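**Q** Take a look at the letters that make up each chain.
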Amino acid sequence: MKLNHVLSVDQFDKALIEELFYHANWISKAKGHSISHLRGKLLANLFYEASTRTSSSFFAAMSRLGGRVLPINDVTFSSVSKGEILEDTIRTLACYTDIIVLRHPEKGAAARAAAVSPVPIVNAGDGVGEHPTQALLDLFTILAEQGRIDGLSVTMMGDLKHGRTVHSLSRLLRLYDVTVNYVSPPELRMPPDLVRPADREVVELDEVLAGTDVLYVTRVQKERFESTGDYHYALTEDHMARAKPTMSVMHPLPRVNEIPLSLDADPRAAYFRQMQNGLFVRMALLMYLLG
Amino acid sequence: MKLNHVLSVDQFDKALIEELFYHANWISKAKGHSISHLRGKLLANLFYEASTRTSSSFFAAMSRLGGRVLPINDVTFSSVSKGEILEDTIRTLACYTDIIVLRHPEKGAAARAAAVSPVPIVNAGDGVGEHPTQALLDLFTILAEQGRIDGLSVTMMGDLKHGRTVHSLSRLLRLYDVTVNYVSPPELRMPPDLVRPADREVVELDEVLAGTDVLYVTRVQKERFESTGDYHYALTEDHMARAKPTMSVMHPLPRVNEIPLSLDADPRAAYFRQMQNGLFVRMALLMYLLG
Amino acid sequence: MKLNHVLSVDQFDKALIEELFYHANWISKAKGHSISHLRGKLLANLFYEASTRTSSSFFAAMSRLGGRVLPINDVTFSSVSKGEILEDTIRTLACYTDIIVLRHPEKGAAARAAAVSPVPIVNAGDGVGEHPTQALLDLFTILAEQGRIDGLSVTMMGDLKHGRTVHSLSRLLRLYDVTVNYVSPPELRMPPDLVRPADREVVELDEVLAGTDVLYVTRVQKERFESTGDYHYALTEDHMARAKPTMSVMHPLPRVNEIPLSLDADPRAAYFRQMQNGLFVRMALLMYLLG
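Heads up: the sequence lines are chains F, H and V, in that order. Using full-length UniProt numbering, the first residue of the first sequence is number 1, and each one after it goes up by one. Using full-length UniProt numbering, the first residue of the second sequence is number 1, and each one after it goes up by one. Using full-length UniProt numbering, the first residue of the third sequence is number 1, and each one after it goes up by one.
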C-alpha cells in the first residue's frame with residue numbers, strides 16, 4: 001500500500017507507522033548532517049488560517065531535505081477574496097508545486113482538495129476535522145520517550161471536547177494495546193464516539209495519576225475556561241512529585257497556564273522534544289510522499 | 001537586441017518571442033528534471049498589491065531554476081508606511097537581490113523602477129497599465145494548443161474595458177496575422193485605441209462562435225456585473241456544443257461564474273494548461289534576463 | 001573569545017570587529033561568486049514588528065551563503081495571539097532552525113531570548129534598546145569610505161534622542177580615536193549618558209560642517225517634526241558645497257525629507273553603498289556564528 005495523500009489518521013496501519021517511524025528515527029540520528037533527497041522539489045504551504053507553529057515545522061522539514069517552500073500565509077489570500085473556490089486554487093498550485101500542505105477552517109477541506117489534486121495533499125488541520133501529522137508526531141514521541149507503545153497507560157487531560165489533537169491521537173492509539181484515561185470537566189468530555197468501553201473517564205487527575213506512563217496535557221482556551229468557572233486542569237509540581245519517575249509529560253504547545261515554566265527542567269517534561277520530533281516525522285512523511 | 005527590463009509587451013518582436021518560446025518549450029519538455037541555471041541568484045517578489053497567483057508563479061519559476069526568492073507581500077510594507085518613495089525601495093532591494101518582480105497599483109510604476117534600478121525589473125502588473133508576462137504566457141498557450149498563431153481566429157469575451165490582460169494580449173497579437181473578435185456589453189467595450197479596423201466588435205458570442213479557434217474568457221468583476229444588469233457573458237455547455245471541436249478555451253483565472261466547473265473535463269478547456277505554461281514562460285524569461 | 005549571540009554592540013572589541021570586517025571585505029570582493037558555506041542551514045527571521053528593510057537584508061545574507069530562511073513576518077503571529085510567551089516561541093523555533101534573527105518591540109527581548117535559546121540569537125532591534133548589526137554596518141561603511149576610523153570627525157544629525165541607530169553607533173565609536181559632533185534641536189538631544197566630555201553638541205550643522213569627515217543623517221519622524229515646529233535638520237546642496245570634498249554622507253534609510261534626491265548623484269552620497277555593506281557585514285556575521 002502506498003499513500004498518495006495524508007488526510008486522516010485512519011489511513012495509517014501499524015505497518016505503515018512502523019515504516020514511517022523507522023525513517024523518522026534515522027533522520028533524528030542524522031541531525032546536523034545534510035540530507036538533500038528532495039532537492040529540486042517545491043512544497044506549497046497553503047494556510048487559510050494562521051498557524052505559525054505548524055507552517056514553520058513543515059517549512060523546516062522541507063528545507064532540511066533540500067527542497068523549497070512557497071509560503072502562502074496571507075489572511076487576505078487574494079484569489080480567494082476574488083471568490084475562487086478551493087478546488088481551483090489547488091489545481092493552480094499543483095501546476096507550480098510538487099506537494100501541497102493545507103490548513104483550512106472547514107472540515108473536509110483536505111479531502112475536497114485531494115479529490116482534484118494531481119500532487120499529494122497533506123492535511124495540516126481542517127477545522128474540527130483532523131490534524132494527522134500532529135497525531136503521528138505525538139505517537140512517535142510516546143515511542144521515543146517510553147521505548148514502546150503497547151502496555152502503556154496514556155492519560156489525556158484538559159478540554160477534550162474541542163481538542164482536534166487529542167481526537168486524532170485517541171484514534172491512532174486504538175491500533176495499540178494501551179490503557180487510555182480521559183481527565184476533564186464534565187462539560188468538556190471526549191466526544192462519546194471516540195471513547196471505547198475499556199477507557200476510563202474521570203474529572204480529577206489524581207484518580208489516574210499514579211499509574212500514568214504518558215500524561216498528555218492540552219491547551220485551555222480562555223473563553224471556555226471562563227465559562228467553566230474554577231478550571232483546575234493545570235499540572236503542578238505537587239502532581240509531579242506523586243507521578244511515576246518515568247512518566248512523560250506531553251503538550252502540543254503553545255501552552256498558556258496548563259504547565260508552569262518551573263516544570264521545564266524536569267527530565268519528564270517531553271514537550272520540546274515533542275516539537276523536535278514533529279520535524280523528524282514530517283521529514284519522513286515528505287520523503288515517503290515524494291521519494 | 002537584449003532586454004534589460006520587461007516592462008511592456010511593446011518591447012517584444014517576433015524574433016524575441018520565438019527565442020523565448022523556444023526555451024519555454026524546452027523547459028516544458030524537461031519537466032521533472034532539475035534545472036539549476038540560476039543557483040546562487042536571488043529574486044525579490046515585491047508586491048504592493050496582493051496577487052497570490054502571480055507571485056506564486058514567479059516564486060515557483062525562480063525556485064525551479066535553482067534560485068532563491070525573497071517574498072515581500074505585506075500590505076503593511078513597513079518602509080512604505082514610513083513614507084519611502086518607490087525609487088528608494090528599488091535601489092535598496094537592488095543592493096540585496098539580482099532581479100526584482102514588481103506588482104504596483106500605479107500605472108507607470110515599473111518604468112519608474114527601471115529608471116533607477118541596476119538590476120532587471122519585471123513588470124508583474126502596474127495598475128491599469130500592463131502585465132506583459134501574462135500576455136506572453138497567453139500567446140505561448142495559443143501556440144501550444146493550436147500549433148500555430150498565424151491564420152487563427154481569436155475571440156475575447158467579457159469585461160474588455162477594464163481587463164489589463166486582454167489589452168496586453170491584443171497588442172501582442174498585432175504582430176501576427178490573426179482575426180480578432182471582441183464580445184462584450186456596449187458599456188464594457190475594448191478601449192478604441194486597441195481596436196484595429198479589421199477587428200470585429202459584437203455583443204453576442206453567437207455572432208462569432210462558429211469560426212473561433214481560441215476563445216479567451218475574462219473574469220467578471222461583481223461590482224460591474226451588477227451595474228450592467230443581466231450579464232450573460234458566461235460560457236455554457238450549449239456554446240461548447242456549437243463551437244469547433246478544436247477550439248481552445250482560455251481564461252486568466254481566477255474564474256467566478258464565467259466558466260462552469262462542468263466544462264473542466266472538456267479537452268478544449270485549456271485554462272489549467274495555461275497556468276502551467278505561465279510557469280514555463282516565466283522560467284524562460286528569468287533565464288533570459290539573468291543568464 | 002567567541003560570541004554565541006549578538007545582542008549588543010558592547011560585546012564587540014576592536015579585535016572582533018577587525019576579524020568581522022576582514023571577512024565582510026572578502027565577501028564584498030567576491031560579489032557575484034557563489035558562496036555556499038551555510039548550505040543545509042536554516043535561519044528564522046522572527047519579526048514581531050514589520051521591518052522589510054532589515055528582514056530583507058538578513059534574508060539575502062543567508063540566501064547568498066547557500067542557507068535557507070524561514071520568514072515569520074506576520075503581525076498576527078498566531079501562537080503569540082494564543083498567549084504564548086517569547087521564551088516558548090524561541091525554544092520551539094530552535095527545534096526547527098539553526099539561528100534566529102529577532103526584531104521585537106520590547107527592550108531586553110533579545111537577551112530574554114538568548115537566555116533560553118540553544119541556537120544563536122541575533123538582535124535585529126529590540127524597542128528602544130539596541131540594533132547592533134546596524135551599528136556594525138555603519139562602522140564598516142565609515143572604514144570603507146574613508147579608509148580609516150581613527151582620526152576622523154563624525155557628525156550625527158537629526159533626532160538623536162529617539163534614534164536607536166545613532167545610540168548604538170555612538171557606543172561603538174568609543175572604541176576608536178574619533179571626534180564626535182551631535183547636531184539636533186535642544187529637545188531631541190543625545191541621551192546624556194551617551195555623550196562623552198570630548199564630544200561637541202550643537203544646534204546648527206554649520207558650526208561643525210567644515211571639519212566633518214562623516215555626516216550621519218537620521219530620519220525625521222513626522223510626529224516629532226511637527227512638535228518641534230520649524231525643523232531644519234535636512235541636508236541641502238548648499239551644505240554640500242561648503243563640506244569637505246571627501247566627506248561621506250550616510251543615512252540608515254528610509255529617508256523622507258532629510259536628504260533631497262538631487263544629492264544622490266554626488267559621489268559623497270554613501271547611503272546606498274551603506275545598504276550594500278549591510279549585506280556583506282551580515283553575511284560575515286552569519287558565517288562567524290554558524291561557521
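Hints should not be assumed to be uniformly reliable.
What follows is a list of derived Cβ distance ranges for each label pair [stated by the list, open to error]: (1) V:Gly108 / H:Gly83: 23 to 31 Å; (2) F:Val195 / V:Gln11: 54 to 62 Å; (3) V:Arg273 / H:Gly83: 57 to 65 Å; (4) F:Arg268 / V:His162: 25 to 33 Å; (5) V:Arg273 / H:Gln11: 24 to 32 Å; (6) H:Val128 / F:Glu106: 44 to 52 Å; (7) V:Pro191 / H:Gln11: 52 to 60 Å; (8) V:Ala265 / H:Gln11: 44 to 52 Å; (9) H:Pro192 / V:Gly127: 42 to 50 Å; (10) F:Glu87 / H:Glu207: 47 to 55 Å; (11) F:Ala111 / H:Val202: 50 to 58 Å; (12) H:Glu49 / V:Arg273: 50 to 58 Å.
A partial selection of chain H residues facing chain V, derived with a Cβ cut-off under 8 Å [what the hints assert, rightly or not]: (13) Tyr22; (14) Thr97; (15) Arg196.
No lab work stands behind these hints, which were simulated from the structure alone. Remember, it's a predicted structure, so these values are computed and weren't measured experimentally. Ideal placement from N, C-alpha and C gives every residue a C-beta, glycine not left out.
**Q** Taking the hints in turn, state whether each one holds.
**A** A quick look at each hint next to the structure:
no., hint, in the structure
1, V:Gly108 / H:Gly83: 23 to 31 Å, "29 Å, holds"
2, F:Val195 / V:Gln11: 54 to 62 Å, "56 Å, holds"
3, V:Arg273 / H:Gly83: 57 to 65 Å, "22 Å, violated"
4, F:Arg268 / V:His162: 25 to 33 Å, "47 Å, violated"
5, V:Arg273 / H:Gln11: 24 to 32 Å, "31 Å, holds"
6, H:Val128 / F:Glu106: 44 to 52 Å, "36 Å, violated"
7, V:Pro191 / H:Gln11: 52 to 60 Å, "54 Å, holds"
8, V:Ala265 / H:Gln11: 44 to 52 Å, "27 Å, violated"
9, H:Pro192 / V:Gly127: 42 to 50 Å, "57 Å, violated"
10, F:Glu87 / H:Glu207: 47 to 55 Å, "33 Å, violated"
11, F:Ala111 / H:Val202: 50 to 58 Å, "44 Å, violated"
12, H:Glu49 / V:Arg273: 50 to 58 Å, "31 Å, violated"
13, Tyr22, "27 Å, violated"
14, Thr97, "6 Å, holds"
15, Arg196, "41 Å, violated"
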